[in-house]
Structure formats: structure tokens, C-alpha cells
Amino acid sequence: SQQGEEDPQALSIQEGENATMNCSYKTSINNLQWYRQNSGRGLVHLILIRSNEREKHSGRLRVTLDTSKKSSSLLITASRAADTASYFCATDPIRGTSYGKLTFGQGTILTVHP
Amino acid sequence: DTGVSQDPRHKITKRGQNVTFRCDPISEHNRLYWYRQTLGQGPEFLTYFQNEAQLEKSRLLSDRFSAERPKGSFSTLEIQRTEQGDSAMYLCASSLRSEQGARTGELFFGEGSRLTVL
Numbered sequence: 001s002q003q004g005e006e007d008p009q010a011l012s013i014q015e016g017e018n019a020t021m022n023c024s025y026k027t028s029i030n031n032l033q034w035y036r037q038n039s040g041r042g043l044v045h046l047i048l049i050r051s052n053e054r055e056k057h058s059g060r061l062r063v064t065l066d067t068s069k070k071s072s073s074l075l076i077t078a079s080r081a082a083d084t085a086s087y088f089c090a091t092d093p094i095r096g097t098s099y100g101k102l103t104f105g106q107g108t109i110l111t112v113h114p
Numbered sequence: 001d002t003g004v005s006q007d008p009r010h011k012i013t014k015r016g017q018n019v020t021f022r023c024d025p026i027s028e029h030n031r032l033y034w035y036r037q038t039l040g041q042g043p044e045f046l047t048y049f050q051n052e053a054q055l056e057k058s059r060l061l062s063d064r065f066s067a068e069r070p071k072g073s074f075s076t077l078e079i080q081r082t083e084q085g086d087s088a089m090y091l092c093a094s095s096l097r098s099e100q101g102a103r104t105g106e107l108f109f110g111e112g113s114r115l116t117v118l
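For the protein sequence lines, the chains are P and G, in the order given.
Per our numbering, residue 1 is the first one in the first sequence, and the count goes up by one each step.
Per our numbering, residue 1 is the first one in the second sequence, and the count goes up by one each step.
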């Protein structure tokens, strides 16, 4: 079953604009991760934010995490046509038998027009 | 290339046939995961291994599905008596879990094996 919901399901922007994607989840987490998937390909890890962190940056990516609202957002600044892909959030549960087993959301399809 | 490799990349089969997918993880990774992804959806967890031990199986994994990881290296996922509903992308991923229980946290995915059942 899917842990989270992502919003929006699809996002279409012009090159140079910023793209924001949101993720909500249901259970307590150890960390939350964002992945990117080009059409027909495997997933590529983008960034990981731990449950005790509120914000993290990596290049043009900025991730926030609000554990009280069980939500996260991914911001891609100054988007490029090459950023066109599907983006998934994935939650890593707290320690226990499922430790390390990621549960993915349904994804946001991002299209960046040149 | 030292990434996760999957074989075959594409498989077309007739309903009722058996299929097997292979995954070779990153060599130093001790955890290996199988996920299934259908069109427009996120990956759904199927099963995972720590070394050669299968630690958890999803309820999605019916009796027709079996996964192995002999010797804690490569893994195979076999689907017996395939059904049209099995058509999906089967993704393999690996990660590293240290002896102290810490790990890098991220999964490294292969390119997937796309199954089409006619």
C-alpha cells in the first residue's frame, strides 16, 4: 500500500521557474527521501531528510519536513528541461522489523518546457 | 559499471508461463529489495533480504512469487503461472546496513525489468 500522497499529481512549468511538490504521509518515520524517475527507467535518489531535521539543501533542491503535520515539500529552483521526470517521496519507518523498507508515494509528474 | 543491474530489461510472455528476473546489487551492499511498479503509480514493496536471509514479504507477494538470494549476492524473482495482472515493472534496489545498525539510508535502484503478460 502507498504510504503517502503527493500533490500535485502533475505540474507543468516553464524553464527557469521554480517547482514545488508536496508529500503527506501517515506513520512515524526515521527519515523521508525524494527520488526521481525518468520515463521507463529506474529511480535515482535525490535527497534524504531525517526526522529531526526541518530543512535540507542540495544544489538546486530544497526539502522541508514538518513531522507535526506529517508532510514534506521538495522545491526545485531555476528548473531546466532536463528536470522533466516523475518525483517520488519515500518514507523510512522508525526502527523495528521494517527498518529500511521504504514506502513510496504515487509521485508527481513534472514537465519543464524549454 | 558498479551499479545495480537487472536482467532481462524486457520480458513478454504468455499467460500461464513462468518467468524469472535476476538482480545483481552493488557488491558491498548487504540489503536487497524488490519492488513492483505499475503505470502511473509509485513502487510497491514486495520483499527484501539482508545478506541471504529474506526478512519480510509483502502481502502482494502471492504464492506464485518466490524470491531467493543464495550466498547473499545476486537475487532472483520468479513468477509462476503468470497472469495479466502481473504486468508491471519489477525494480530491484540495494543498500548498505552497517554492523552497528546504521546505514546510508538511500536505495540504489536498477533500471528495472518490464514484464508484459499477454
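Since the hints were made in silico from the structure, they are not lab data.
The C-beta atom is built at its ideal place from N, Cα and C for all residues, glycine as well.
Careful: at least some of the hints might be erroneous.
[Unchecked claim] Over the 12 Å line for every Cβ pair with chain G, so calculated as not near, a few chain P residues:
#1 37
#2 40
#3 42
#4 55
#5 59
#6 75
#7 84
#8 86
#9 112
#10 113
[As the list claims (entries may be wrong)] Covered, in the sense of this in silico footprint (three residues per stretch, anywhere, with C-beta under 8 Å from a C-beta of chain P), are these stretches of chain G:
#11 34-47
#12 66-79
Evaluated hints:
no.	hint	in the structure
1	37	violated, 9 Å
2	40	violated, 8 Å
3	42	violated, 4 Å
4	55	holds, 17 Å
5	59	holds, 16 Å
6	75	holds, 20 Å
7	84	holds, 16 Å
8	86	violated, 9 Å
9	112	holds, 20 Å
10	113	holds, 21 Å
11	34-47	holds (count 7)
12	66-79	violated (count 0)
In the structure shown, a violation is registered for the earlier hints numbered 1, 2, 3, 8 and 12, in ascending order.
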